[in-house]
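Participant: Below are the chains, spelled out letter by letter.
2 protein chains.
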Amino acid sequence: MALIVQKYGGTSVGTLDRIRNVAARMKRTRDAGNEVVAVVSAMSGVTDGLIKMARDLAENPCEREMDVLLATGEQQSIALVTIALQDAGVDAVSITGRQAGIQTTGSHTRGRILNLDPSLMRGFLNEGKTLVVAGFQGVTPDGMIHTLGRGGSDLTAIAVAAALKADVCQILTDVDGVYTCDPRVVKNARKLPEISYDEMLEMASSGSKVMQSRSVEFAKKFGVVFEVRSSLNDNPGTLVLEEHPNMENVVIRGVSIERSQARLTVTGIPDEPGMSGLILGALAAAEINLDMILSNIAHDGFARHSFTMHSSDLGKAQAALKPLLADLPHSKIETEAGIAKLSAVGIGMRSHSGVAATMFKALGNAGINIGMISTSEIKIAVTVDETRIEDAARAVHDAFGLDKAPA
Amino acid sequence: MALIVQKYGGTSVGTLDRIRNVAARMKRTRDAGNEVVAVVSAMSGVTDGLIKMARDLAENPCEREMDVLLATGEQQSIALVTIALQDAGVDAVSITGRQAGIQTTGSHTRGRILNLDPSLMRGFLNEGKTLVVAGFQGVTPDGMIHTLGRGGSDLTAIAVAAALKADVCQILTDVDGVYTCDPRVVKNARKLPEISYDEMLEMASSGSKVMQSRSVEFAKKFGVVFEVRSSLNDNPGTLVLEEHPNMENVVIRGVSIERSQARLTVTGIPDEPGMSGLILGALAAAEINLDMILSNIAHDGFARHSFTMHSSDLGKAQAALKPLLADLPHSKIETEAGIAKLSAVGIGMRSHSGVAATMFKALGNAGINIGMISTSEIKIAVTVDETRIEDAARAVHDAFGLDKAPA
Chain A
90 MALIVQKYGG TSVGTLDRIR NVAARMKRTR DAGNEVVAVV SAMSGVTDGL IKMARDLAEN
150 PCEREMDVLL ATGEQQSIAL VTIALQDAGV DAVSITGRQA GIQTTGSHTR GRILNLDPSL
210 MRGFLNEGKT LVVAGFQGVT PDGMIHTLGR GGSDLTAIAV AAALKADVCQ ILTDVDGVYT
270 CDPRVVKNAR KLPEISYDEM LEMASSGSKV MQSRSVEFAK KFGVVFEVRS SLNDNPGTLV
330 LEEHPNMENV VIRGVSIERS QARLTVTGIP DEPGMSGLIL GALAAAEINL DMILSNIAHD
390 GFARHSFTMH SSDLGKAQAA LKPLLADLPH SKIETEAGIA KLSAVGIGMR SHSGVAATMF
450 KALGNAGINI GMISTSEIKI AVTVDETRIE DAARAVHDAF GLDKAPA
Chain B
90 MALIVQKYGG TSVGTLDRIR NVAARMKRTR DAGNEVVAVV SAMSGVTDGL IKMARDLAEN
150 PCEREMDVLL ATGEQQSIAL VTIALQDAGV DAVSITGRQA GIQTTGSHTR GRILNLDPSL
210 MRGFLNEGKT LVVAGFQGVT PDGMIHTLGR GGSDLTAIAV AAALKADVCQ ILTDVDGVYT
270 CDPRVVKNAR KLPEISYDEM LEMASSGSKV MQSRSVEFAK KFGVVFEVRS SLNDNPGTLV
330 LEEHPNMENV VIRGVSIERS QARLTVTGIP DEPGMSGLIL GALAAAEINL DMILSNIAHD
390 GFARHSFTMH SSDLGKAQAA LKPLLADLPH SKIETEAGIA KLSAVGIGMR SHSGVAATMF
450 KALGNAGINI GMISTSEIKI AVTVDETRIE DAARAVHDAF GLDKAPA
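Chains as they are written, first to last, in the numbering used here: chain A, 90 to 496; chain B, 90 to 496.
There may be inaccurate statements among the hints.
In this list, chains with the same sequence are indistinguishable; a pair is considered to hold if it fits within one copy or across any two.
[Said to hold, decoys possible] DSSO-like cross-link-like pairs, simulated, lysine-lysine; straight-line CA separation at most 30 Å:
hint, residue 1, residue 2
1, 310, 276
2, 298, 309
3, 310, 298
4, 218, 254
It is worth saying that the hints were derived from the structure and are not from the lab.
Only chain A is shown next, with the shape it has when bound in the complex (with noise of 0.2 Å):
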């Protein structure tokens, strides 16, 4: 008998007739011997409308008391998924946040996992129930309503699988697995059998939103084995877990795209220490989330800063550097927006020379011009022309022949 925790998003319990979908699917599992402990989100559209309601009342409600009010979401979820059990003939109990024994830290609607005490759960398995988990909460060490943010309730998922030491965790979702590139984009796009968990990381922070990168983080650091995979039919979904002999042998895991960068480079900067701080450091403080940083010396002596963002984070990042550039006579500012970033990445490169090269070589071949590149020893990225991105998605793809299984 195997323990098997399963995650369902907000669209999967998002209508009755969808949490009635969740209780026949749990029941499956449950009939062929297994235990079953699912993780829910809140209905889909319920948050959205709480907040909606919060925004109604005050422009910057307060988040102790959204915490409060949006936890209440997925209490709702818990009690109608267990009661669509129930109704299926399955003995099944509800368990919120607190219940699970889930102690958070951080601020408000940004908790962080700080502990788990499954007793409870533990107990409730012993006498052969199926449990159904809020996700997305927790409390505070002394007994505050707290939520985990975005993404929220894959991390609980992650973490209950972790503290019940679950067989299997799997992440159900509305995508089939992760797979070598967006198929939208790249039509020969092949489904993941495997990746690491640290390919999966780098496919995250790049674009291939198939979960926040903390739950991703959270699984690798306690060694639980998840997989994402569709909440709409029974075909098998990629597993994430640690790099092992026996994967598949690529020097590319996988393409990913980011699209609506946009590019700020900073110029006449004084060669002196301490520049670069005061640059970056305006730029933390108007909470901009920079992606590639890059810097040099031009040949004029001055130091030159470039980095990528957000394309709506542009605005706000120029006018939180003027202040301090208006004391640099030779500062200039300049920008580029409508840019997109592709990233290659797998633990294959690590032993692979070459694979710039490759990559250059195929971009150049479909006249791809390249802006900034970055790397890490696992992903090399590139900015290029929004208009062009999908053109060199297929050609990188085409370039490392992603669509076909290695032998």
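Please build the complex by placing chain B on the supplied structure of chain A, with the hints as guidance.
Facilitator: Quick look at chain B alone, frame taken from chain A:
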């Protein structure tokens, strides 16, 4: 500085505008130099919507899960009211039933308050905060969410007032107070400045549904003086408290009516020990709430039992008795629907004789036949034909001069 507990029902927080009104009223109370603790219900309609979803999923949804589901209604209200208060510049904080330290016992959806540990609330009050407490809910000793059933928010308010030793407990509702009779029936009915717990209990059990009996019983037990008043204006309402020498010196405090009653009479029952127990046991097993119960021996030597109940229970009651009576060859069932009950209530009755005579004479003069009669130490109740109940109420109200304040 007084500590004032205010209870707002579902209608009072039924829209965002009404929530703003509640916040404004609380702010006024606060600005007048008081500590304020509000107990709020779910926004009207929310609870019904949740029940509808649950019933769509299962005919008889599990009561434990209904508690988990329905408790979200009040949790949403406390967050929204708190956000509105903060927007109005009041330093406020929401408190769930669990955080209010409300420990409960009894079956799910019908919890009773076992204990209330106000230490968290006391701490927030000491910090100068205004509190918004979720009505209708608590937790069982083993940490499961528990709701208190109908009128549960009133009960929460009384319990919070008792635990915090509040100076005043205001039950803010859509009526102005407790009247000598329903003003829709008796035009010159008078709002009472005060009423004793015992009278309020008899009024509640006789159809004046301002509050559930158990909230009044709880207030009496813990000596909580409370005031029933309107949430729509600032008129003083009715104080409910232990009787005292300076209360208005009247024989009858008020008259209440209850419509849609029915009578069931069984005749031809052998006059043997245990027979009444069998009959009452069968009706209790069918969960029939009996009101009046009359038994006597008829001239034929057989026993005769009459009961009144809500007319919607009549069919169920008759069916419940059928198997029992099948073994009693002389037994017969006789039913009468379309009756109503009129009760005259007053602690003055204890020291005044002739109350029944005045009441029966008034009804006789109005040409109204009396059916069954029952009495308690401070109440006389009669059944009359439902078509005559309003005439009956006016006749009795006039006979005791209830429209005029006593000298």
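Participant: Any of the earlier hints contradicted here, and which numbers?
Facilitator: 1
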